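Colleague: What follows is each chain in one-letter form.
Protein chains: 2
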Amino acid sequence: MAGRRDWTRDTLAAGVRAGDKRALARAISLVENGDALAYDLVRDVYPDTGRAYAVGVTGPPGVGKSSLISALVRHVRARDASVGVISVDPSSPFSHGALLGDRIRLADHFLDPEVFIRSMGTRGHLGGLAEATLQAMLVLDAAGKDLLFLETVGAGQSEVEVIGIADTVLLVLMPGSGDSVQALKAGIMEIPDVIAINKMDHPAAKTMLNEVRSILALDHERAWRPPIVLTEATRAENVPELWEKIDEHRAFLEQEGQLEERRRRNLAGEVFAVASGRTKAHLERAVAEDPELRRLLDAVQRRELDPLSAVREIMEKVFKIPAASLAPAPGTGAGDAHGDRADAA
Amino acid sequence: MAGRRDWTRDTLAAGVRAGDKRALARAISLVENGDALAYDLVRDVYPDTGRAYAVGVTGPPGVGKSSLISALVRHVRARDASVGVISVDPSSPFSHGALLGDRIRLADHFLDPEVFIRSMGTRGHLGGLAEATLQAMLVLDAAGKDLLFLETVGAGQSEVEVIGIADTVLLVLMPGSGDSVQALKAGIMEIPDVIAINKMDHPAAKTMLNEVRSILALDHERAWRPPIVLTEATRAENVPELWEKIDEHRAFLEQEGQLEERRRRNLAGEVFAVASGRTKAHLERAVAEDPELRRLLDAVQRRELDPLSAVREIMEKVFKIPAASLAPAPGTGAGDAHGDRADAA
Chain A
1 MAGRRDWTRD TLAAGVRAGD KRALARAISL VENGDALAYD LVRDVYPDTG RAYAVGVTGP
61 PGVGKSSLIS ALVRHVRARD ASVGVISVDP SSPFSHGALL GDRIRLADHF LDPEVFIRSM
121 GTRGHLGGLA EATLQAMLVL DAAGKDLLFL ETVGAGQSEV EVIGIADTVL LVLMPGSGDS
181 VQALKAGIME IPDVIAINKM DHPAAKTMLN EVRSILALDH ERAWRPPIVL TEATRAENVP
241 ELWEKIDEHR AFLEQEGQLE ERRRRNLAGE VFAVASGRTK AHLERAVAED PELRRLLDAV
301 QRRELDPLSA VREIMEKVFK IPAASLAPAP GTGAGDAHGD RADAA
Chain R
1 MAGRRDWTRD TLAAGVRAGD KRALARAISL VENGDALAYD LVRDVYPDTG RAYAVGVTGP
61 PGVGKSSLIS ALVRHVRARD ASVGVISVDP SSPFSHGALL GDRIRLADHF LDPEVFIRSM
121 GTRGHLGGLA EATLQAMLVL DAAGKDLLFL ETVGAGQSEV EVIGIADTVL LVLMPGSGDS
181 VQALKAGIME IPDVIAINKM DHPAAKTMLN EVRSILALDH ERAWRPPIVL TEATRAENVP
241 ELWEKIDEHR AFLEQEGQLE ERRRRNLAGE VFAVASGRTK AHLERAVAED PELRRLLDAV
301 QRRELDPLSA VREIMEKVFK IPAASLAPAP GTGAGDAHGD RADAA
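So the protein sequences, as listed, match chains A and R. At position 228 of the first sequence (counting the first as 1) the number is 228 in my numbering, and the numbers step up by one without a gap. At position 339 of the second sequence (counting the first as 1) the number is 339 in my numbering, and the numbers step up by one without a gap.
Please note that the accuracy of each hint is not assured.
[Unchecked claim] Cut-off 27 Å, straight-line C-alpha distance, at most; resulting in silico cross-link-like pairs (DSSO-like, lysine-lysine):
{"#": "1", "chain 1": "A", "residue 1": "K317", "chain 2": "R", "residue 2": "K317"}
{"#": "2", "chain 1": "R", "residue 1": "K317", "chain 2": "A", "residue 2": "K320"}
{"#": "3", "chain 1": "R", "residue 1": "K280", "chain 2": "R", "residue 2": "K317"}
{"#": "4", "chain 1": "R", "residue 1": "K320", "chain 2": "A", "residue 2": "K280"}
{"#": "5", "chain 1": "A", "residue 1": "K320", "chain 2": "R", "residue 2": "K320"}
{"#": "6", "chain 1": "A", "residue 1": "K185", "chain 2": "R", "residue 2": "K185"}
{"#": "7", "chain 1": "R", "residue 1": "K206", "chain 2": "R", "residue 2": "K185"}
{"#": "8", "chain 1": "A", "residue 1": "K317", "chain 2": "A", "residue 2": "K280"}
{"#": "9", "chain 1": "R", "residue 1": "K185", "chain 2": "R", "residue 2": "K280"}
{"#": "10", "chain 1": "A", "residue 1": "K206", "chain 2": "R", "residue 2": "K206"}
{"#": "11", "chain 1": "R", "residue 1": "K206", "chain 2": "R", "residue 2": "K245"}
{"#": "12", "chain 1": "A", "residue 1": "K280", "chain 2": "R", "residue 2": "K317"}
{"#": "13", "chain 1": "A", "residue 1": "K320", "chain 2": "R", "residue 2": "K280"}
{"#": "14", "chain 1": "A", "residue 1": "K245", "chain 2": "A", "residue 2": "K206"}
{"#": "15", "chain 1": "A", "residue 1": "K317", "chain 2": "R", "residue 2": "K245"}
{"#": "16", "chain 1": "A", "residue 1": "K206", "chain 2": "A", "residue 2": "K185"}
{"#": "17", "chain 1": "A", "residue 1": "K185", "chain 2": "A", "residue 2": "K245"}
{"#": "18", "chain 1": "A", "residue 1": "K280", "chain 2": "R", "residue 2": "K280"}
{"#": "19", "chain 1": "A", "residue 1": "K185", "chain 2": "R", "residue 2": "K206"}
{"#": "20", "chain 1": "A", "residue 1": "K317", "chain 2": "R", "residue 2": "K320"}
{"#": "21", "chain 1": "A", "residue 1": "K206", "chain 2": "R", "residue 2": "K185"}
Simulated from the structure, these hints should not be mistaken for lab results. Every value quoted in this text rests on a predicted model; they were computed, and no experiment measured them.
So that you can see chain A by itself, here it is in the shape it has in the complex:
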């Protein structure tokens, strides 16, 4: 196998397909750096993807996502599945290379040739985080990993785009995750496929279980009822049960023919997210580099040019999109007998 600096497009693709750890590490570094070789590599190996099953693991910081992934990895390794883990949670122990001894025992995984773990930075990706994680997941998929875990934090738009590639989404909470429970209740957080309430020894764990259960019970339309599992990741407690629920969700998708449909939707969503990220980066660069566009911002600041007019000029200049195609629909405004009534707020 080639040394670290001798990778060519062909040897790298071969190394990735063979699941060689150095090739995978190199490939994902290239992805992170936005290197042209990464682009070519993923294009080369893309026909070999689509075989891995991807589990997205999300939830607020500090709930034990990494510990739970680590316990799940140990569980599935006992069943001989090969595993890849990508973490894009900046607060994750994975991101700090932390080896927390017996508590997480990541070290075991790092030594296991069938497990590849990698954390990725959340900033500085040319096409946004969605692009970098998508490409990294495709690399691990092409490497023949049976299972992929993708760890993300929080519930913002960029995280939704990252986790959008997952076949099954696992939300991890813990007692004290009141904000997430309220967000689920208010319909602001998307309902995941499986929920783990970690730190089950906490006296408030059962209360939270009941609270989450009653929120989910309000949704009668859903064909798949998201199961909730109490876990204690540090002791691997109920981890087999949690894995069973993830597997049941997979079986559900496969039986109903929904997996293909979900992947179609996910891929289309990812392409759209990546294109959005690229466009945003292009716009950022254009505004930063073009003195004329910067002068527009000054005029906005001096209250001489309103923000939306500045936006129009920027769009015409950067994307050659004529103002007309950006204009809001006319005719619903003044003097329109069909206009909506003015709210008496």
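Place chain R on chain A using the hints.
Modeller: Same frame as chain A, but now just chain R:
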């Protein structure tokens, strides 16, 4: 004053400048509907803006943001300041037109001619939520409101863009907001200017106060130390103290000459966010309407075309951006003696 269906561009601008409630309601409806008249209106009144002071109020659902805003409005009304409130929190009582009697007494405010309260939908805006809230805030600013409150939920990217227009950002938490505290601790949530811990009667309120205080103490660089106030919005308890802290932050910005600088940065950020939103909408429409672009997505699904190549084709077609200017930087990859070392993950 003209009736609801007889507004012209001129009478609407005059009505907005005069602070007429029907004109304001109509103008914001037009903003929400993406009507061309709203665009013209804001352009007309933009020179009259920049006088209102904008307070962004953010935090997870259920912590009592609306009650606190309501109590703050009562407090500042007693000092004769005129007020506008825009809520983009779908879980807010404002959004449901809820009149919670003595508990919130929004009804008082609705009858007060110097107070204008409006909730806005979070979906379906042509240029995204940032555009709609920016335009609505400018309308209220032009109407001569002294103070504007902008209520948003959560900490995602779109919410950050919405609250990006605020001069002072108030974060509201409550005992049980463990996820937000963890997010602050992990550096995932931006540090606000002022923090209120609402529901101060809760036995865990003081613990949370100490927790948040110790997180903020880690930051030695900040010239402004965000104060934390325990409040009980339903009894208006400590609301004067909270307002004092907001006022102190304003005085701090004004003394240090930072207000102008912050507004410059905020406006530039908003222009960028609106342009991004518009671009995204343009892309969405293009992909939805163009059969050729949809065929690209099918090829991705069949693993014939990798996602990033599809993105490139879409970008070239929709934005006339040549692939070259989107290409990642070459030369940091294989065979490059200056390449970064491959992580031994």
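Colleague: Are the hints correct? Go through all of them and say.
Modeller: Against the structure, the hints:
About 16 Å separates the Cα atoms of K317 of chain A and K317 of chain R, which keeps this hinted pair within 27 Å; it holds. Restraint check for K317 of chain R and K320 of chain A: the C-alpha separation of about 12 Å stays at or below 27 Å, so the hint holds. A C-alpha spacing of about 14 Å is found between K280 of chain R and K317 of chain R, which places the hinted pair at or below 27 Å, so the restraint holds. For the proposed pair K320 of chain R and K280 of chain A, the alpha carbon gap of about 15 Å is at most 27 Å, so the pair holds.
A C-alpha spacing of about 7 Å is found between K320 of chain A and K320 of chain R, which places the hinted pair at or below 27 Å, so the restraint holds. Of the pairs offered as hints, the one joining K185 of chain A and K185 of chain R holds, with about 24 Å between alpha carbons and a cut-off of 27 Å not exceeded. For the hint linking K206 of chain R to K185 of chain R, the alpha-carbon distance of about 17 Å falls within 27 Å, and the restraint holds. Between K317 of chain A and K280 of chain A, the direct Cα distance comes to roughly 14 Å. Compliance with the 27 Å bound is thereby established for this hinted pair.
With a CA separation close to 32 Å, the supplied pair K185 of chain R and K280 of chain R exceeds the 27 Å bound. Taken as a hint, the K206 of chain A and K206 of chain R pair is honoured in the structure, with Cα atoms around 24 Å apart against an allowance of 27 Å. Among the hinted pairs, K206 of chain R with K245 of chain R is consistent with the structure: their alpha-carbon atoms are about 19 Å apart, no more than 27 Å. With a CA separation close to 16 Å, the supplied pair K280 of chain A and K317 of chain R stays within the 27 Å bound.
Restraint check: the Cα-Cα separation between K320 of chain A and K280 of chain R comes to about 15 Å, which is no more than 27 Å; the hinted pair holds. Under the criterion of a C-alpha separation no larger than 27 Å, the hint pairing K245 of chain A with K206 of chain A is consistent with the structure, at around 19 Å. Our distance criterion of 27 Å between C-alpha atoms is broken by K317 of chain A and K245 of chain R, whose separation comes to about 43 Å. Taken as a hint, the K206 of chain A and K185 of chain A pair is honoured in the structure, with Cα atoms around 17 Å apart against an allowance of 27 Å.
Taken as a hint, the K185 of chain A and K245 of chain A pair is honoured in the structure, with Cα atoms around 22 Å apart against an allowance of 27 Å. About 9 Å separates the Cα atoms of K280 of chain A and K280 of chain R, which keeps this hinted pair within 27 Å; it holds. As the CA atoms of K185 of chain A and K206 of chain R are separated by approximately 26 Å, the hinted pair is consistent with the 27 Å bound. Annotation: proposed proximity of K317 of chain A to K320 of chain R holds, straight-line Cα distance about 12 Å (limit 27 Å).
Of the pairs offered as hints, the one joining K206 of chain A and K185 of chain R holds, with about 26 Å between alpha carbons and a cut-off of 27 Å not exceeded.
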